[in-house]
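**Student:** Residue numbers (my numbering), protein chains in the order written: chain E, 38 to 1095; chain B, 359 to 512.
Just so you know, the hints here were simulated from the structure itself, not pulled from any lab data.
Zero decoy hints are in this set.
27 Å max Cα-Cα, derived BS3-like pairs, lysine-lysine:
{"#": "1", "chain 1": "B", "residue 1": "K413", "chain 2": "E", "residue 2": "K568"}
{"#": "2", "chain 1": "B", "residue 1": "K369", "chain 2": "E", "residue 2": "K164"}
{"#": "3", "chain 1": "E", "residue 1": "K526", "chain 2": "E", "residue 2": "K560"}
Using C-beta positions, here's what the derived DEER-type ranges look like:
{"#": "4", "chain 1": "E", "residue 1": "E653", "chain 2": "B", "residue 2": "K404", "range": "46 to 52 Å"}
{"#": "5", "chain 1": "B", "residue 1": "K404", "chain 2": "E", "residue 2": "T571", "range": "25 to 31 Å"}
{"#": "6", "chain 1": "B", "residue 1": "Q506", "chain 2": "E", "residue 2": "T571", "range": "56 to 62 Å"}
Cβ coordinates follow ideal geometry from the N, Cα and C atoms, glycine included.
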Amino acid sequence: MSFQSASNFISQHRRSDSGKKKSNSPNIMEGSMTPTSNTFSFENNSFTNDNTMKLNSNGTGTSSSNIFTSSNSGNNVSSNNGNPSKSTGNDAHNNISNKNSNNNKSHNDMKGLQLFIADLRAYQNSKEEQEARINSELSNITKNFSNKAHLNGYRRKKYVSKLLYIYLTTNYKKLPELVFGIEQMVCLMESSSANTKYSEKFIGYLGVEMLLPSLPKQQSPLIGRISQSLTNDLSSTKEEFVCLALNFVSGNNFYRPEVAKSLIDPVFQILRSPTSTDILKQKSLMAFLCLIRIVPEYIVDMEDKKRELWIQRITPLLDNKNLLLSVLPVCHYIITLIGPQYFEKIVPTLATYLYECFEDSGNGVGLVLPNPFLISKILLVLTDEMNGSRSIDVGSLNKLRKTVTKAIQLATQPVHDSMSRNIQSIILFSLINFAPKLDPSKEAIENSVSALCTLFKITRDVNTKYMTLDTLCKLCQATKSSTRPILCKNKELWAVGHDIMDASILSKWINLIYEITEVDNVKQSVDWLLKMMTHPEVNSGSSSINGLDLKRDIGMKIAILTEKYATDINWFVDVSLRLLSVSKVIEETKNENDGVWERLVQIVINNESLHRITCEKLLSDYIISTGDLLNLFTDKYFQCQQVSTRALILTSMMKLYKCDLSIGSTLIKFYQLELNSLDIELQTRSFEYLKIIQQTITSNSPFLLDYLFKPAPVFQINNNPLLSRFGVNNSNTSNVISSINLTTPPASSITAATSFSSSTPPLAPAPRKTTAMQSTGGANISSTNKYDSQTLIANWKQSFKRMAEHKQGILFQNNNLKILFSIVQGGSNSTTTSPDTIIVYHTFVNIDPEWDITSFYVDVIPSQLSDNPPYIIKPIILPEPVIKCGCRATYQYEVIYRKVFSIWKSPILNIQYKLGGNAFHDLNIKLPMPLQRTMVPTNSGETMKMPQYIQRWKQIGEALGSAGEYNIEIPSMIVNVESVKLLLNKKLGFDLIVTPSSMHNLIFGSGIVHTKSDGNFGVLIKLVYEEGRNSWIVTARTTTTEGNISQNIVETIKVCLE
Amino acid sequence: MAIQFLFCLNKQGILRISKVYNHKVFQTIENSTEKNDSVFVNEVFKLISTRDHKKQSNFVPLNDKTKLIYKRYAGLYFILGVDLADEDELLYLTNIHFLVEVLDQFFGNVCELDIVFNFYKVYMCIDEIFQAGEIVETDKDRLQQRLQLLNKLD
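Throw the hints in and build the complete structure from the sequences for me.
**Tutor:** In structure tokens, the structure reads:
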């Protein structure tokens, strides 16, 4: 549309409206009509593209100020009308009148609206006038809406449209003043008489969709009307009305769950109906997706049989190629909800579709290229399926491998415009990302990496650079061994790209370098990262907004890499201190609580060998005697102005005194001088320290001094808290720095070597030692002591019982803290579930009405830490140290059952926190880790039958005699056999054997206990209810005599039954 | 893996089209009220409009949950909000381009005025291309047939 013709168009309208307004100024559109370029401008794509160049020159040559010209000239896309009529003004004029007749005439013709918009545009240079015009229109609409007699469908539609325009053009600011109109919108939407007009209903739906989210909650009658109207339209005979309702459902997820639930069935009816047209099926699929996203439990909790039926209705829709784009997201979402097993059978179909994408020349986006949207969605579902444990058939695998090759070939073909190039790249990237799933050869991966590296080198397009780095990063994560050598050698990658001014790209780049860093190139990487710190974009400030703080990110990565891979302590300390000075991390950590600084302090304190070297680096000068140091302190003391620093120096001097009593007299003089300090804090400190020195001298014993100035305790945290910020389970990373520790004190080297028999040496020598004195004593003893020395809370047995019985629930609650737990079987870092491992989640909720919880610290103390422990606890996520009022924190850890152990040896959860800054709380709760947690229930069809059970029971008895058996009588309040069965089966995980009705007082069960080191053991249980005595006789037999499994099993049952 | 919102903003930062598929995105601003919705739009605009189109990519994180994929067509920015973890940036960019091509075909050389005066028709087009934040139709001929049909309905 040309500028000239557009203003004509508007002015015609205005004149025809009886000339209410003054003559319309020709500049109404100028504000926005100053296009810098005239087309689908490929401004972001710096490819020198002949076509684009031509197009630009063509565009600037004409006088028309089109904002968008046809895509044809720019893109070589399929033919499109309107293109030839571009060059002359006349043609442009014709063009606009064509437009009027083609489009604008039809379902709107709301002159009033067009005028109103034109008016507002006329005033666009004056906010006040615009505001006044909007306000007068609003009062007009209010008046009309209150006078219902004059309202007909058309006028309603017109006013509602005006409201919606105001809503948009004021960037939502007017929303509170528009909400009144929603009732009329609902009227339009629910209208369903024989002559209801589609265009009116359409506007009604549009209005409700836009304003519904801001509807005050109390307007529930309207919500009721809206959902009623939706239900009506969903069953309407007019297809277009059904479409409107479906559009509404899938476009808007602002429902309450109960409304969503009530809509699922009617929507599904449309989806499954054989008479529904493609368009209805398409829209109902997406509406269905939207609804189950709101109430996923609808699918999750559905009866297996019904769910299978539903899925059987959905998968055949895949046969209709027109519906692929809408069926696949639904499949993907259901897979994420309930796992891939229901969709295994569609894999071959999808592989074929994917293959075909590359065969026919596809008309997806009008290019002779495969349809990237379809490819991406197919790959999404295929990836879901491949992540499942099942392997796919050879035929499909071959097809998929061929497609990867084709995608790489396709990427090398020349195309002439950047959109096609984008599509080539999309296809290349998505298939290379997918390739590692296909069990590729080393060579194939190397080829992909080389292709990507070349692309990275030659492309000047910023988007492509970004995506290349991203893909390399993923490829490297998936197939490190073959990818890493090539990347390490690539020079382009190691150049610090000063020409790139985009934080997102730099962030990807930094991730990649981080990913390929190992011991052999850690110095190179850290150098690179330190250089990156000085990159202008990193320092520009724009990088620290939008949740992407590059500087902080680099700092943390350096800290982690140095700690993990440093082989030279000098270098480690050097880099760490350099990092702190370059990045000013210290200042930032005060606010951000990043802990790079804290981490360094932890490591230095925990490693004696680092003490000296760190001090030397810090002072950049060799310290010869205490006297020298004291002089240094005095010098600095008078140089610095900050009170807090001075106070710190005063304290440091005291610590110095503790090491060397001979400086006492100098210190006394110094402190006496400071008694006259103007600052109360300095004065007080000096006075106190003076008294301590005097006391030490008079009593001739350093007892008080030693007591007050204990050496810093060794830090207790085993894992690097920095890593958890990257969402990494850090417990299985081996740290070189921690092994430095092994070289110095021999005692702790033994503890470190024995404490974890797996490949995870703990970072700090041992957890939780109260004084440094103990550190020579060995971790083994201190941890046992610690376990035994904990005082459990008074009613810990209640919590213990609850957690033994349930997989999730409330563990504990007092006036200010509530603790929830939830247990999931299977390891955290393996895709295949390992039954010997469970993950425990604790949620801590601050329920205090007033105070924040601070200094919040939790720990799970195992009964035995080293010397072949029966179970190992690996923290996954640690809670933040502050829980604000009403907020919550999560703690997540993994428990690996290595051997059989008694439930009474279960770990203790230790929680320490302060409330409101002072009142200190220390809670200890024993967390039951019964062996039953490692049992995996078998499918109902596969459980043992009675005769089989009896046979095994006898076998064990004959083979092991009474050694494998344990029995006990448990008096119990639970007298109902069925509820005990429920407990054993659903909660404790036993498979129950179906018993004949004559044995109603008997329960038989079986299960397999899994342990990582000692293997798996079968367990059989028998429970007999003694009616007269209200008690249960519980007997267990196991396939081994070792470890008292039977006893442990029975005792757990006892905990739950009592 | 879905679009969370679609904005169309002009160079002055005035909203031309806004289609929200996931209202939770808006709620990331604490105590979301109407006023904050407009703050949200302004944030988006500020971020996009200050970017260098030669040296910077068309993808930018907005906050710790959402990133923006955008493209400027002369005076109009088309912006998609997607999950920060979403990986198909280029594909979303192609989504935008596809939408603009469809609008161009439907209006015949579309310009900002078409979008201003016929904003509700743009919504109609969007509803035929995207549903629940997913692209559902990529056949342009089928789309045009369908759009012309709907456009003629009274």
